[in-house]
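Protein chains: 2
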Amino acid sequence: MAQAPVLTPRADDFPRWYQDLIAKAELADNGPVRGTMVVRPYGYGLWERMQQEMDARIKAAGAANAYFPLLIPQSYLAKEAEHVEGFAPELAVVTHAGGKELEEPVVVRPTSETIVNEYFSKWVQSYRDLPLLINQWANVVRWELRPRLFLRTTEFLWQEGHTAHATFEDARDYAARIHREVYADFLREVLAMDVVPGRKTGRERFAGAINTLTLEGMTGDGKALQLATSHELGQNFARAFDTRYLSKDGRQEYVWQTSWGSTTRMVGALVMMHGDDHGLRVPPRLAPVQAVVVAVKGDDAVLAEARRTGERLRAAGVRVHVDDRTDLPFGRRAVDWELKGVPVRIEIGPRDLADGTAVLVRRIRGSRRPVPSEALPALLPRMLEDDQALLLEESRRHRTDRTAEVTGIEEAVAAAGTGWARIPWDRLGPEGEARLAEQGVTVRCLVAADGSVPASEDQPGNVAVVARAY
Amino acid sequence: MAQAPVLTPRADDFPRWYQDLIAKAELADNGPVRGTMVVRPYGYGLWERMQQEMDARIKAAGAANAYFPLLIPQSYLAKEAEHVEGFAPELAVVTHAGGKELEEPVVVRPTSETIVNEYFSKWVQSYRDLPLLINQWANVVRWELRPRLFLRTTEFLWQEGHTAHATFEDARDYAARIHREVYADFLREVLAMDVVPGRKTGRERFAGAINTLTLEGMTGDGKALQLATSHELGQNFARAFDTRYLSKDGRQEYVWQTSWGSTTRMVGALVMMHGDDHGLRVPPRLAPVQAVVVAVKGDDAVLAEARRTGERLRAAGVRVHVDDRTDLPFGRRAVDWELKGVPVRIEIGPRDLADGTAVLVRRIRGSRRPVPSEALPALLPRMLEDDQALLLEESRRHRTDRTAEVTGIEEAVAAAGTGWARIPWDRLGPEGEARLAEQGVTVRCLVAADGSVPASEDQPGNVAVVARAY
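Chain order of the listed sequences is A and B.
Under the UniProt record's numbering, residue 470 is the last one in the first sequence; the count climbs by one each step, no gaps.
Under the UniProt record's numbering, residue 470 is the last one in the second sequence; the count climbs by one each step, no gaps.
A couple of the hints might just be wrong.
Given that identical chains are not distinguished, each listed pair holds provided it fits within a single copy or across any two copies.
[What the hints assert, rightly or not] Only pairs whose alpha carbons sit at most 25 Å apart, straight line, appear in this in silico BS3-like list of lysine-lysine:
#1 K24 <-> K122
#2 K59 <-> K122
#3 K24 <-> K223
#4 K248 <-> K122
These are computed hints drawn from the structure, not numbers from a lab.
Let the sequences and hints guide you as you build the complete structure.
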């Protein structure tokens with residue numbers, strides 16, 4: 001492990017370290033059109049595992065997947081006033097197609113509330129059709145002026161949920177359920193991120209929503225990352241698109257709606273929250289490869305033992321890859337697996353073979369020791385769970401160590417230089433929030449006195465979590 | 001089952017029946033932009049199952065998933081002459097973004113060979129980097145003048161594979177492997193479609209390829225549907241994008257490439273190939289819901305028994321849905337499940353409960369009989385496999401019954417009125433092919449005398465399969 005540094009150290013230049021890691025761990029490349037991104041196989045493998053885990057949770061919450069078109073008539077966007085104001089500056093517009101100029105330009109979806117509502121209006125007739133719970137996995141385009149791989153890209157991949165309910169309460173509860181059972185659960189239990197759940201202020205809400213719930217994570221350099229949001233849309237889109245249902249007592253009522261999304265930004269968050277100066281550290285529950293078995297030399301017996309170990313670990317339920325690229329130097333391969341953050345590396349060379357041992361390297365803990373080969377299948381599943389827990393605990397400690405309790409704006413700005421600040425919302429308020437924003441510090445979310453998500457912005461005891469954000 | 005017809009009968013108007021079925025089985029709606037499509041949850045569920053089965057086969061063939069950008073600089077398309085000529089008329093062009101006119105317009109990808117090659121040129125350095133085997137699941141846009149839901153839509157979902165190899169032979173063999181182990185295997189074993197594997201003629205090849213392999217299926221009205229294609233690209237894109245590698249003997253060589261794709265058209269094919277006058281019939285191995293347990297009445301004991309039956313079938317490995325919407329008339333629900341083509345329906349009412357039986361309705365076979373409830377978990381898995389085999393056998397019989405052996409062009413055109421014709425390629429040739437095309441009949445593929453895929457267009461004994469196509 002003690003190699004010459006392959007990455008810019010985090011302490012020297014965090015954004016540069018981030019870029020270096022993404023390139024050297026082969027997660028992504030910049031695309032040819034400004035702000036777009038090529039997600040390489042290893043990066044995409046992380047996203048696929050995220051999709052699997054999220055998709056299972058979304059389905060457990062009762063939503064079904066569907067697919068709405070990429071191209072939306074420009075006139076749809078204009079139907080909800082706040083929404084169009086929020087998204088107009090970021091739109092990509094198709095003006096020509098099939099060799100002709102289009103009569104009405106179409107936009108590449110920046111999000112799908114408008115087109116979804118057009119169809120909800122057709123599908124929803126009576127209270128029996130509610131709740132209508134839909135999710136889609138798709139790409140969206142928002143023209144980015146200051147792009148950064150994974151965190152802010154012109155095109156990104158995401159899931160967007162869209163639901164319609166008979167009552168305000170049902171919609172509110174469903175947005176909260178997704179926030180808790182899908183997003184918070186996934187981020188904590190799978191990504192091992194100690195995220196803070198909260199409520200956005202009016203200033204930070206989604207364009208067209210009446211309430212936005214968020215989960216915020218702390219990066220290695222003490223900034224904030226918004227990880228997933230759930231919106232109560234009220235009846236804003238229902239009124240704009242005339243989405244109504246016949247109630248049990250025979251009246252036409254507008255539906256109440258939610259939308260909620262999470263994106264490939266989570267791959268960037270994984271880097272920024274769990275990476276170290278040697279590379280990425282992937283939480284074992286997420287890892288597409290939990291253990292890599294490295295044949296140190298291209299010796300037949302070594303290769304056979306590496307493959308046999310791979311088989312035995314696979315049988316024990318571990319996601320394994322056998323690295324038999326013995327035409328490449330061992331040191332280079334070891335550095336590569338460190339960079340990619342595979343949780344466990346098992347090195348097998350001729351001497352280990354003779355001893356009946358293998359060298360076990362744990363990426364998250366940073367340990368390295370020989371173990372009897374026969375013990376590996378029993379050891380590994382428990383070790384992976386221990387390392388998962390350690391990563392979450394590190395994340396919790398990092399956040400609490402770098403969060404200051406403050407009462408004034410000056411203090412908050414100072415604290416945001418190295419971490420987050422918590423300040424009573426009744427001391428800050430929308431005016432204080434605007435003053436902070438002038439200095440590049442934003443209210444990431446409001447949390448209640450007991451740590452729960454506040455039922456309203458002005459609930460007594462609310463605390464604002466403020467930080468600089470990516 | 002004997003209801004008034006809910007669909008236009010196939011014999012009256014096949015295209016109308018197709019449209020009716022897609023609407024009433026809730027597979028898809030037309031999108032607002034001409035030729036686009038909203039895939040509804042039941043239709044998307046079919047696609048998700050296709051993705052799962054295909055993705056496992058693609059990974060088993062050694063390819064890894066990645067993601068390339070949606071937006072491609074217009075100049076990239078122009079680099080390969082045949083390619084741009086083939087796709088130019090179908091492109092959608094973004095000219096404005098972020099509130100400004102773009103300096104260089106960008107196209108919405110119609111396929112990704114060009115942008116993939118731009119990156120392969122960077123990633124491939126030496127023979128050690130080959131073969132490079134990549135797949136992506138994505139949406140593409142091709143402006144369609146005569147759209148039809150699922151079969152030809154302006155935007156569609158697909159997987160596109162892109163690979164680079166050191167030699168012509170390796171690329172040729174890999175295209176053939178995908179054709180056989182991914183596409184043919186999936187279409188036959190999962191979709192129960194008796195497809196014909198063959199080679200496209202020069203006229204029908206993919207724009208930029210040196211060879212295209214195809215799988216063609218016969219629709220209920222005797223036409224042809226192209227289901228999946230694999231292309232040998234030769235060095236065409238490698239030369240256009242300068243994709244070279246350092247060979248073992250130290251020389252710079254162009255790579256040899258393949259690309260291969262299959263799309264949401266397969267959902268339309270499922271309808272056109274397996275549907276009947278009552279609706280869709282979903283092959284059991286594909287079906288997202290293999291058995292639906294219908295509670296006939298909203299009686300507590302009936303509902304409890306329906307749920308218990310659902311649990312027991314789930315434990316037996318069957319994908320089950322319990323229909324407890326007893327506020328809707330039973331007849332309407334039965335018709336709905338017929339339309340959706342769920343392979344097995346189990347109806348439980350108060351009388352069945354008293355008898356310890358349930359009514360078992362098999363959609364593919366069209367049978368209906370009472371069975372002892374306790375026997376269901378043991379019966380169903382075998383029944384589903386039998387019905388899967390029956391569907392494939394029906395598909396084979398339909399194709400062979402409707403395929404004529406002919407020797408002249410007049411005869412071929414006549415046969416194409418109700419089915420396919422097979423005509424020796426040395427009797428037809430490119431000139432005969434052009435004459436057929438004038439009458440709307442195309443060469444779907446060439447097959448060798450022994451039924452295998454010909455190694456070349458002019459291999460002696462080649463037979464042309466000709467038909468009208470969707």
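Task: Identical-chain pair category, K59 with K122, by Cα at 25 Å - done: within (23 Å within a copy, 39 Å between copies)
Open item on the list: Within, between, both or neither: how does the pair K24, K122 come out at a Cα-Cα threshold of 25 Å?
Closed with: between (49 Å within a copy, 14 Å between copies)
Open item on the list: For K248 and K122, with the copy left unspecified, which applies at a CA distance of at most 25 Å: within, between, both, or neither?
Closed with: within (19 Å within a copy, 62 Å between copies)
Task: Identical-chain pair category, K24 with K223, by Cα at 25 Å - done: Within one copy, since 23 Å is at most 25 Å while 51 Å is not.
Going through the hint list in order, the structure satisfies each hint without exception.
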